[in-house]
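Number of protein chains: 2
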Amino acid sequence: MMDRLTHWQVTQGENAMAAPRTISLDAMGGDQGPAIVVPGAALALVRHPDVNFILVGDQARIQPHLEQHPALEARSRIVHTDIAIEMQDKPSQAVRRGRGSSMWLALEAVQKGEAEVAVSAGNTGALMAMAKLVLRTMPGIERPVIAGQWPTVGHNSIVLDLGANIGASARQLADFALMGAAMARALFGIERPRVGLLNIGVEEIKGIEEVRQAHAWLKENELPIDYRGFVEGDQIGQGIVDVVVVEGYAGNIALKTAEGTAKQMAAYVREALTSSLAAKLGALLAERGLRALKDRMDPRRLNGGPFLGLNGIVIKSHGGTDAFGFASAIGVGYDMAESNLIVRLTADLQSLHGKLGETRPPEAKQA
Amino acid sequence: MMDRLTHWQVTQGENAMAAPRTISLDAMGGDQGPAIVVPGAALALVRHPDVNFILVGDQARIQPHLEQHPALEARSRIVHTDIAIEMQDKPSQAVRRGRGSSMWLALEAVQKGEAEVAVSAGNTGALMAMAKLVLRTMPGIERPVIAGQWPTVGHNSIVLDLGANIGASARQLADFALMGAAMARALFGIERPRVGLLNIGVEEIKGIEEVRQAHAWLKENELPIDYRGFVEGDQIGQGIVDVVVVEGYAGNIALKTAEGTAKQMAAYVREALTSSLAAKLGALLAERGLRALKDRMDPRRLNGGPFLGLNGIVIKSHGGTDAFGFASAIGVGYDMAESNLIVRLTADLQSLHGKLGETRPPEAKQA
Chain A
1 MMDRLTHWQV TQGENAMAAP RTISLDAMGG DQGPAIVVPG AALALVRHPD VNFILVGDQA
61 RIQPHLEQHP ALEARSRIVH TDIAIEMQDK PSQAVRRGRG SSMWLALEAV QKGEAEVAVS
121 AGNTGALMAM AKLVLRTMPG IERPVIAGQW PTVGHNSIVL DLGANIGASA RQLADFALMG
181 AAMARALFGI ERPRVGLLNI GVEEIKGIEE VRQAHAWLKE NELPIDYRGF VEGDQIGQGI
241 VDVVVVEGYA GNIALKTAEG TAKQMAAYVR EALTSSLAAK LGALLAERGL RALKDRMDPR
301 RLNGGPFLGL NGIVIKSHGG TDAFGFASAI GVGYDMAESN LIVRLTADLQ SLHGKLGETR
361 PPEAKQA
Chain B
1 MMDRLTHWQV TQGENAMAAP RTISLDAMGG DQGPAIVVPG AALALVRHPD VNFILVGDQA
61 RIQPHLEQHP ALEARSRIVH TDIAIEMQDK PSQAVRRGRG SSMWLALEAV QKGEAEVAVS
121 AGNTGALMAM AKLVLRTMPG IERPVIAGQW PTVGHNSIVL DLGANIGASA RQLADFALMG
181 AAMARALFGI ERPRVGLLNI GVEEIKGIEE VRQAHAWLKE NELPIDYRGF VEGDQIGQGI
241 VDVVVVEGYA GNIALKTAEG TAKQMAAYVR EALTSSLAAK LGALLAERGL RALKDRMDPR
301 RLNGGPFLGL NGIVIKSHGG TDAFGFASAI GVGYDMAESN LIVRLTADLQ SLHGKLGETR
361 PPEAKQA
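Order-wise, the sequence lines are chains A and B. Under my numbering, the first sequence is numbered contiguously, ending at residue 367. Under my numbering, the second sequence is numbered contiguously, ending at residue 367.
If you're looking for bench data, these hints aren't it; they were derived computationally from the structure. Do not take every clue at face value.
Since the list gives no way to pick one copy over another, a pair counts as held whenever it fits inside one copy or between any two copies.
Computed cross-link-like contacts, EDC-like style, restricted to lysine to aspartate or glutamate with a CA-CA straight-line distance of at most 20 angstroms [stated by the list, open to error]:
{"hint": "1", "residue 1": "294", "residue 2": "271"}
{"hint": "2", "residue 1": "132", "residue 2": "86"}
{"hint": "3", "residue 1": "280", "residue 2": "348"}
{"hint": "4", "residue 1": "263", "residue 2": "295"}
{"hint": "5", "residue 1": "355", "residue 2": "220"}
{"hint": "6", "residue 1": "280", "residue 2": "234"}
{"hint": "7", "residue 1": "263", "residue 2": "209"}
{"hint": "8", "residue 1": "263", "residue 2": "234"}
{"hint": "9", "residue 1": "219", "residue 2": "232"}
{"hint": "10", "residue 1": "219", "residue 2": "191"}
Next comes chain A alone, as it looks inside the complex (with noise of 0.2 angstroms):
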């Protein structure tokens, strides 16, 4: 473990000093492939001008995306592979057939120092196993999450787990905590982030025992963050904490539920608005502020949901985004690169780890 974190700090070392930064993109990802990852990183450049692009995938059908953008071309390297994943693909079947696609090549890209962070649109459950085995896990971290934006009346808040594991013990939900606050930290610049736990508030029972065990951690411990302590699902959207921790298959349908809602309401004002001639004018009339509102909603700005507990940044697009959306998970990588979150996140979880020590359950142990 020292070995693996020790070579790891001194090629992240390196990195930090070399500039620029260098992304790695699995070009084959997502339902259109180059189609969008080429254009979507020649946005992204526009944004941050300082980057290098590894581009992994099919040359041949690379290229002819690519000579649209000379800017793009100029600060891009592409690495040909035949092989790439399929959005069908079983995870187990993925890593099995796997080794040499365009997405174990973008990781590998980060596991050698070559880049700092993956961005993928492919397959999420292929990415999550195949960033465990290139990558692997931070010092006594045992699975890694998947985290994720979440607009608010305020400015965004991060939630995990967004379900990769169903379940999480108290130190889980202890480690979640801080990972987000890296993200907040990289995202917001947010140097004490708020963080809150999500629980239910019926009854006496206030939520299952790993919450009630991590809310008496989180509360004990001197730890770089500012914990809250319980927050409700209807105080996510409020913004009243930066953070929101989770298990992974309540944080997964509580994503959805809210995606489905909002999708709802959506339809509902659209049709309120077209109801009659009149509200149709109306509409006319309140097109700008309504143009607002649908900016305000556009999913596009918040694409790109980290895994975090790896030994790198590994960024997760949505397989059905556009070039605007692939440009948007590429920034949210460009900002935890910039923010120094693996080496910060890194030390931070040692910390907690040291404090919480003989409370350590078995599985961490091993890790």
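Guided by the hints, dock chain B onto chain A, whose structure is given.
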């Protein structure tokens, strides 16, 4: 257990014959007690003129409100008590000092066969604890659940458990499916409701063990439901099933998250439609459509969450609702009594438990 069932079936039989229906109301429950409960009952009576009411609580506080509604007064009987459960009381406190309270006596009226339904806007935990003591759970049922209506793009769906318990065994999830189906039959008149199990679709992990096992049972067994398999959080609002089954922790988080998202969206829409003079004019023109939208989203229309799994019908009203909302809760109870829910559900559960027989978990054997 058989004694209880037989006794109960007899009293239920008597009630079913004895038109008109009688509903007992905890007149002291909720933020405003009789000031909401009495006019709520008056509204419900307009919709269901065959109902008699038992109003339980402080006579001196109930009487002045009742006098303002002569039609209601003619069909009501006040049962006086000085004792009322406070919203802040813990369930254990409420049970200790709450015998003889308005909540207790309203439930007791159902247990004695004097009423078919009890409705309370009081403390959820106290109501649940008392309902278990007074009415006891149905044969083979360990813990009651809270169900609720969820607005969808079609008609409403039923979602349960909304937070009565954390976690659920496979057998309990299967019970929830039948309970929710009974409620859908009562409220929507659907003979074989479509039922889905809430799950997450990430990676190869397709949900927790309990959810998988319940899925297998619901698929294999001949039941009075149209079992549709797994649904995800974003599908609840699409109305693709009539009943969504989930354990109470994730169910409560889903409900609260949806409520929070709906409020957040409403705030965004309000902001968009007041962002400029043109937008305000537009909103005026679209007023009728927007008013219809507001009506559609009105939470008062969905008020009234039944506790299912008890030997009697108990409806929990939101504590902060108004007379219109309280009348909705009474309406839910009325429909459930009309559909002969308890008799039918008891039979459905017995049939399921007979089929599962040997797979019964230890705790169910005790029941």
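Item to check | Unmet hints by their number, sorted upward, for this structure | outcome: Those not satisfied are hints 3, 6 and 7.
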